[in-house]
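Visitor: With the hints as constraints, model all of the structure from the sequences given.
Read top to bottom, the protein sequences are chains U and E. In case it helps, our numbering puts the first sequence at residues 84 to 376. In case it helps, our numbering puts the second sequence at residues 513 to 903.
Don't take every hint at face value.
Pairwise CB distance ranges, derived in the manner of DEER restraints [to be verified]:
# : chain 1 : residue 1 : chain 2 : residue 2 : range
1 : U       : 199       : E       : 823       : 16 to 24 Å
2 : U       : 190       : E       : 690       : 38 to 46 Å
3 : E       : 616       : U       : 168       : 50 to 58 Å
4 : E       : 564       : U       : 209       : 47 to 55 Å
5 : E       : 685       : U       : 190       : 31 to 39 Å
6 : U       : 199       : E       : 685       : 26 to 34 Å
7 : E       : 564       : U       : 199       : 19 to 27 Å
8 : U       : 233       : E       : 788       : 42 to 50 Å
By construction, these hints were calculated from the structure, which means they are not laboratory data. C-beta atoms are modelled at their ideal positions from N, C-alpha and C, and glycine is treated no differently.
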Amino acid sequence: MSFLSYLINGISLGSIYAIIALGYTMVYGIARMLNFAHGDIIMVGGFVIFTVVSTLSLPPALGILAAVVLCTILGVVIERVAYKPLRGASSLAVLITAIGVSYLLQNVALLIFGSNARQFTSVVNVPGLKLADGALTISGVTMVTIVTCIVIMAALTQFINRTKVGQAMLAVSEDKGAATLMGIDVNRTIAITFAIGSALAAVAGALLCSTYPSLTPYTGSMPGIKAFVAAVFGGIGSIPGAFIGGVLLGVIENLSKAYISSQLSDAIVFSVLIVVLLVRPTGILGKKIMEKV
Amino acid sequence: MKKVLSLGLAAVMAMSLTACGGGEEKTAPADNAAGTETAGDVLKLGVTGPLTGPNAAYGSAVANGADLAAKEINAAGGVNGMTLEVKAEDDEADPEKVINAYNNLKDWGMQMFVGATTSGASISVAAETANDNMFQITPSGSAVECVANDNVFRVCFADPDQGTASAKYIGENKLAAKVAIIYDSSSEYSSGIREAFVKEASNEGIEVVADEAFTADTNTDFSVQLDKAKEAGAELVFLPIYYQEASVILKQASDKGFDPIFFGCDGMDGILTVENFDTSLAEGLMLLTPFSPTEESSKKFTEDYIEAYGAEPNQFAADAYDAVYAIAAAAEKAGITADMDVSAMCDAMKAAMTEISIDGLTGAGMTWNAAGEPNKDPKAAKIVNGVYEMQ
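Guide: Here's what the structure looks like:
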C-alpha cells in the first residue's frame, strides 16, 4: 500500500515536471534555445497568486487567471527584449542571456518580497480520497495535478496538429528558412511559443506551490532544472517526450527517496540522466538528427 | 611633501598616545577609590552583540539582560564588596567588527567579557580573549567551536547537546517510544543535533523507527519522509531543523492526516511568525526552549525587564541575565577583587566556574564542566492556543 502511495505522489510530482518541461521543450524545438529563465517564471506565477489570493483575499480562480495573464506577458516581453535581438548570435550567447534573465527575476523577487519563506495557501479545494480504510490517502491537489497535466498534454497535441498556428510551429521547428519562404512569420510564431510556455509555467507554479506550500524567490530554480532534465530525458523538442520524461523522473525521484535513501535522491535522478544520455543521446523519444556532411 | 606626511603621522601618534593616557587616567580614580573605601570597587563587565542591523533584537536583549542582572546584584550588595558595571558595544554580529568592539571595551577597562551574542562573532573574538587570558562567557553562542578555548564558558546548550537534551526530555517524560527524525543533512546545525539525538535515544529506550534526511535543494517536499514515518508507526517526529521547513512539514502532514507529536529545538522558535502560516497547524507542537516570559519562575524578571526597557524579554535576555549571575557566583567563590589583573582573574574564574551551581532563568541547578559547557535540565514548551506554554 505504501508503494502505491509513493508511486502516486511520484506521478503527481512528475506531472508538475512534465508541465514545466513542456515549456522547455517547445521553446527548444522552435527557437533552438534553452530558456533557463523558465523555472523562475514559475516562481513569478506563484508570487502573483500569493499576492492576489492571500494578500488581496480574492478568489483562487482569479489568482490563477492573473498569474497566467501576467506570466504570458512576462514571457513575451522577455523574448522580445532579451532573446530576439540575439536571434542571429551564437547559441552560447543566448544561453548566457537566459541565465542572466533567470538571476534578474530571482533578484527582483528578492527585492520585492524578501528572502523569508512564506506559506502558500493551496488554490485547489478538492477533498482528498481515502482508500483502503485510510491506509492510502490521495490528496485533492495530487489528483488535480495529474488530471491537469493530461488535459494540457492532449490540448497541446491537438493544438499543434489541428490549428494553423500549431502547423506553423511545426514548420518553424523543422526549417526556419523554408518556413519563412512559405509565408510564415517566424518571429510571431516564436513569440506565441513563449506565450504558451509561460502560461504553462504559471499553471505549473500554481500546482507546485499548492503541493509543496513554501514560496521563496528560489522556488522555481530546482524544479526548473529537474524539468530541464526531464525534457532532455524524454527527448528535447518532443512534446510526448516531455510528458514521459517528466513522469518517469518524478517516479524515480520519489521511489529512490523511499527505498534507497532520502539523501541521495537528487544524485540518483541526475545519474539516471547521465546513463540515459550515454545510451540514448537524443533521449527516449528524441529524433535522430542526421548530420549533413 | 614627505615632511608634511611625517608631521601628520607624528600628530596622529601623539593623539593616539594622549588617547591611551586619557584611558588610564579614567581608570586611575577608581583605583584610588579602591584604596580608601571598598564600596567604591568596580568590576567591569564588557558585553558585545549586534545592537544595530538585522540581528539587533538579539544583541539588545543580551545587553539589557546583563544590565538588569548587574543592577539587581548591585542592589543586593554587589560581589565581594564590588559593584558591577556593564558596558555594551555593537559588533553587528560581524566576526571582524567584534574585534574592534572588544578592543574598545579593553580600553574602557573591561575585566571580564560577556559575549559575543552570536556564534560567528563569538568564535572570532575567542582568539583574542585566549591571547589576553580574559575570562569569557557567551550567553548564546551555540556553535560547538565557541567554547573551544578553556577560558570560555557558555550559558545556552551547544547545538548538538540539544539533540541529547531532546532525547532525554522525550524519554523522561515518556512522550513516545517510537520516534521518526526528519533532518537537513546539508546543515551542520541539523545533522549535529540529529547525531547526538540518535546516540542518546537508545539510552532512553526510544526506538528511532525512521531516520530521514533532506537537503537545502529538496526542502519543499517532505511527502515521502512523512509517509515513511507514518508507515513505521512513529508517535513522535523529531525535527531538528529551522522553522521555515518545519512549517511546510506541518502543512503536508496535516494534508496526509498524519498527526503525531512534533518536537523541535531552538531553530523551531519563530514558527508562529511565518507569513500566511495557519498557526492552528502548530497546535501541540513542542520545542526545546530555555525560556518563556510567561512561566512562573520568570514572571518577576519579565515584569522588571519590561519596566526598564519597554520590550518583552526573549531567550537571549535570559541567557545574558544568567551569565552575569554565573559570573557573580563564580567571582564570589574565587574571591575575586578589583585589583587583580585580568589574567589572574581569569585563572581563578576558570576553576570557580566548575564549582558553582545557580538557579537561573534558563534552568535550575545549572553547573558547568571544565570544557565550558553548561549542564542543566532541558525545558520544553508546547504551543497551546497560539502561545508557548512551558511544560
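Visitor: Now, for every hint given, state plainly whether the structure supports it.
Guide: Right, here's what the structure says about each hint:
1. For the pair residue 199 of chain U and residue 823 of chain E, the beta carbons lie near 22 Å from each other, so the given range of 16 to 24 Å is met.
2. Checked against the hint of 38 to 46 Å, the pair residue 190 of chain U and residue 690 of chain E passes, with Cβ atoms roughly 45 Å apart.
3. Between residue 616 of chain E and residue 168 of chain U the Cβ separation comes to about 55 Å, which falls inside the hinted range of 50 to 58 Å.
4. Between residue 564 of chain E and residue 209 of chain U the C-beta distance comes to about 49 Å, which sits within the given range of 47 to 55 Å.
5. Evaluation of the 31 to 39 Å hint for residue 685 of chain E and residue 190 of chain U yields a failure: the beta carbon distance comes to about 47 Å.
6. Residue 199 of chain U and residue 685 of chain E have their C-beta atoms about 33 Å apart, which keeps the hinted 26 to 34 Å range intact.
7. The beta-carbon spacing between residue 564 of chain E and residue 199 of chain U, approximately 20 Å, falls within the hinted interval of 19 to 27 Å.
8. For the hinted restraint 42 to 50 Å between residue 233 of chain U and residue 788 of chain E, the CB-CB distance of approximately 30 Å leaves it violated.
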